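Chemist: Protein sequence lines, in the order shown, are assigned to chains S and X.
Taken in order, the first sequence gives residues 1 to 293; the numbers are from my numbering.
Taken in order, the second sequence gives residues 1 to 339; the numbers are from my numbering.
Be aware that one or more of the hints could be misleading.
To be verified - Once the Cα atoms are required to be at most 30 Å apart in a straight line, the calculated DSSO-like pairs of lysine-lysine come out as:
#1 248/S x 184/S
#2 217/S x 257/S
#3 5/S x 113/S
#4 298/X x 185/S
#5 185/S x 294/X
#6 44/S x 85/S
#7 62/X x 185/S
#8 297/X x 240/S
#9 119/X x 248/S
#10 217/S x 294/X
Stated by the list, open to error - Label-pair distances were calculated between CB atoms; the ranges are:
#11 119/S x 313/X: 51 to 59 Å
#12 186/X x 38/S: 33 to 41 Å
#13 211/S x 271/X: 39 to 47 Å
#14 195/S x 96/X: 29 to 37 Å
#15 215/S x 313/X: 47 to 55 Å
Source of the hints: derived by calculation from the structure; they are not laboratory data.
Model, not experiment: these values are computed from the prediction.
The beta-carbon is built from N, C-alpha and C at its ideal position, and this holds for glycine as well.
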Amino acid sequence: MKKLKVGIIGSGNIGTDLMMKIHRSDVLEMSVMIGIDTESEGLKKARMHGHHVIENGMDGFLERPELADILFDATSAKAHVYHCKALKKMNKKLIDLTPAAIGPFIVPSVNLKENLNEAVVNMITCGGQATIPIVHAISQVAQVEYAEIIATISSRSAGPGTRANIDEFTQTTARALEQVGGAKKGKAIILLNPAEPPLIMRDTIHCLLQSDSYDVKEITTSINKMAEKVSEYVPGYRLKTEPICDGKQITVFLEVKGLGDFLPVYAGNLDIMTASAVKVGEEIAKSQFEQFV
Amino acid sequence: MSKDVLVTEVALRDGSHVVAHQFTIDQVKNMTGKLSAAGVPYIEVSHGDGLGGSSLQYGFSKVNDIELVEAAVEAAGQSVISVLLIPGIGTIDQLREAAQVGAKMARIATHVTEADVSKQHLEAAKHLGMEAIGFLMMSHMASPEKLLEQAILMESYGADAVYVVDSAGSFLPQDVKTRIQLLRSKLNIDIGFHAHNNLSLAVANSLMAIEEGANRIDGSIRCLGAGAGNTQTEVLVAVLDKMGICTEIDLYKMLDLSEEVGNTIMPKPQEITDSSLIMGYSGVYSSFLLHANKAAKKYGVDARDILLELGRQKVVGGQEDTIIEVAEQMAFQKEGTLR
Numbered sequence: 001m002k003k004l005k006v007g008i009i010g011s012g013n014i015g016t017d018l019m020m021k022i023h024r025s026d027v028l029e030m031s032v033m034i035g036i037d038t039e040s041e042g043l044k045k046a047r048m049h050g051h052h053v054i055e056n057g058m059d060g061f062l063e064r065p066e067l068a069d070i071l072f073d074a075t076s077a078k079a080h081v082y083h084c085k086a087l088k089k090m091n092k093k094l095i096d097l098t099p100a101a102i103g104p105f106i107v108p109s110v111n112l113k114e115n116l117n118e119a120v121v122n123m124i125t126c127g128g129q130a131t132i133p134i135v136h137a138i139s140q141v142a143q144v145e146y147a148e149i150i151a152t153i154s155s156r157s158a159g160p161g162t163r164a165n166i167d168e169f170t171q172t173t174a175r176a177l178e179q180v181g182g183a184k185k186g187k188a189i190i191l192l193n194p195a196e197p198p199l200i201m202r203d204t205i206h207c208l209l210q211s212d213s214y215d216v217k218e219i220t221t222s223i224n225k226m227a228e229k230v231s232e233y234v235p236g237y238r239l240k241t242e243p244i245c246d247g248k249q250i251t252v253f254l255e256v257k258g259l260g261d262f263l264p265v266y267a268g269n270l271d272i273m274t275a276s277a278v279k280v281g282e283e284i285a286k287s288q289f290e291q292f293v
Numbered sequence: 001m002s003k004d005v006l007v008t009e010v011a012l013r014d015g016s017h018v019v020a021h022q023f024t025i026d027q028v029k030n031m032t033g034k035l036s037a038a039g040v041p042y043i044e045v046s047h048g049d050g051l052g053g054s055s056l057q058y059g060f061s062k063v064n065d066i067e068l069v070e071a072a073v074e075a076a077g078q079s080v081i082s083v084l085l086i087p088g089i090g091t092i093d094q095l096r097e098a099a100q101v102g103a104k105m106a107r108i109a110t111h112v113t114e115a116d117v118s119k120q121h122l123e124a125a126k127h128l129g130m131e132a133i134g135f136l137m138m139s140h141m142a143s144p145e146k147l148l149e150q151a152i153l154m155e156s157y158g159a160d161a162v163y164v165v166d167s168a169g170s171f172l173p174q175d176v177k178t179r180i181q182l183l184r185s186k187l188n189i190d191i192g193f194h195a196h197n198n199l200s201l202a203v204a205n206s207l208m209a210i211e212e213g214a215n216r217i218d219g220s221i222r223c224l225g226a227g228a229g230n231t232q233t234e235v236l237v238a239v240l241d242k243m244g245i246c247t248e249i250d251l252y253k254m255l256d257l258s259e260e261v262g263n264t265i266m267p268k269p270q271e272i273t274d275s276s277l278i279m280g281y282s283g284v285y286s287s288f289l290l291h292a293n294k295a296a297k298k299y300g301v302d303a304r305d306i307l308l309e310l311g312r313q314k315v316v317g318g319q320e321d322t323i324i325e326v327a328e329q330m331a332f333q334k335e336g337t338l339r
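Hey, can you work out the whole structure from these sequences and the hints?
Modeler: Laid out in structure tokens, this is it:
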């Protein structure tokens, strides 16, 4: 079976979890882990699985560009800017899991097809990946004036990156709720909860519609259908209750359980990012193979 | 005579919860002017959940935060206008806007275990020339040692003071003593205490905090704050005066304003009701009160049961969405048992 060679930039938790998921893919082949910290678990694991390992970051990859056709950036916003520049004329695909948001926003269940030919795409945020599909599903039935999402994650699954970029999380997610979700105005809130055992990621979506004269069944069907679509690539994604339709306000409660590939099961927020990114990678690969048929 | 205790009046922020965030510019101007005339050094003005809190989750504000802050600054005289900001809800951009209209203190609030999300915001506040205060919410949910660890982090980020915040009004005086004593022995900066009166212990807890070395205390006039309100400012002023502790606040002017607040702003007197008592008892964030009562009515369940369940789930400040979910599930189960 034809496979696209994958490089992962960033050997931290996200990069390592990505690698484990790519091992299961029919169209992606894990080829090289690119990091800067020799002692990192990710580089060690990659070596263990017999993959190429580059320990001097992007500069090292530029010396061996044949090792990957598609790259996942699991580093930081600042580093991503450099990676983008470095890969500019190299005809590689770059999937950005940082808050840099240079390339267009992409949500696999919503706008994948339109963006398959982009050189760089951005995975927004975990809250964005969880909630934008639902807002989009509602938008398909009725105009959403305002979409507000509240992402609650366990303290343990919020690493230093998330904590240092909390403003960016809310701002990037809000913009994507508008640009991809279809809301006229978006707002995002993120809460950390230290309870033990750790909380499974939960997301609440409130949408204010233009009018209250919509078909309740149409809306709930659209939402349920979308939840099913997302759960195809994020198996732990589920609605916690039936959507609540109260006049102009639609409220949806959902939870995201991780698969436990490398990150623990409660870290659904990280899992939805890696699962969504892999889905994007797979569709990019499939479309490339179709072009050569 | 220099002040022994610096009072921060929170009726125009914590009290925003009581009026479902419907404060008007005139109300803010009027109250700020009178508080300032009474000599209150710090007056906090924001949505109950801080800048950017206006939302479906917490309730929309009648008037934009920044407009209210601007109005307060105009009427503030010598008093400093403070804003509250909870990272994850409000952003540094909003802090900047508040500084631009004249707010000179920023209180950056996190859950008691999550101080590290406040780093950029505390630094930004200092950079904007504001007094930067760290605010550790739901302090009852962490051990004194954990609280100290987080307070030290905030101190390292440049905070001018750190507050121990009893958001649920569930501390007993001994709990306050242990924590303030520990913090005072290890920190170099000012220590503050913010009480809620859900167990009728706000003044007593505040006195205990002062005894152990806290020199900044929050109060809300006529208890205009979430849940059963905060430490009643005018009561604290009177008590401290009797104890020979100086606040430089004019008691009579506060009493006059208190009467006015009670008659014209409060929808009803701030009593310790069954719901607010349960919040103090089970350690639930005080701003949940109105939302829990509303959900109880809507779903036909007991507000006290909702609150007890939230306490069991160890829900933190900001998680108002769980109120609806819990109420809905309870209603669903009730229906199931009735069939």
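Chemist: Now tell me if each hint is right for this structure.
Modeler: Going down the list of hints, with the structure as the test:
Taken as a hint, the residue 248/S and residue 184/S pair is honoured in the structure, with Cα atoms around 15 Å apart against an allowance of 30 Å. Restraint check: the Cα-Cα separation between residue 217/S and residue 257/S comes to about 27 Å, which is no more than 30 Å; the hinted pair holds. With a C-alpha separation of about 21 Å, the suggested pairing of residue 5/S with residue 113/S holds against the 30 Å cut-off. Taking the CA atoms of residue 298/X and residue 185/S, the gap is about 28 Å. The hint holds against a cut of 30 Å.
Distance check on the hinted pair: residue 185/S and residue 294/X sit about 26 Å apart at the alpha-carbon level, within 30 Å; holds. Our distance criterion of 30 Å between C-alpha atoms is met by residue 44/S and residue 85/S, whose separation comes to about 28 Å. Between residue 62/X and residue 185/S the alpha-carbon distance is near 18 Å, which keeps this suggested pair within the 30 Å criterion. At roughly 22 Å between alpha-carbon atoms, residue 297/X and residue 240/S fall within 30 Å of each other, so this suggested pair holds.
Between residue 119/X and residue 248/S the alpha-carbon distance is near 38 Å, which puts this suggested pair outside the 30 Å criterion. Note on residue 217/S and residue 294/X: the hinted pairing holds, with a Cα-Cα distance of about 26 Å set against a maximum of 30 Å. Distance hint for residue 119/S and residue 313/X: a CB-CB separation of about 45 Å, inconsistent with the stated range 51 to 59 Å. Distance hint for residue 186/X and residue 38/S: a CB-CB separation of about 37 Å, consistent with the stated range 33 to 41 Å.
For residue 211/S paired with residue 271/X, a C-beta distance near 40 Å keeps the hint of 39 to 47 Å intact. Taking 29 to 37 Å as the suggested C-beta distance range, the pair residue 195/S and residue 96/X conforms, at roughly 33 Å. Between residue 215/S and residue 313/X, the C-beta spacing of about 34 Å breaks the proposed range 47 to 55 Å.
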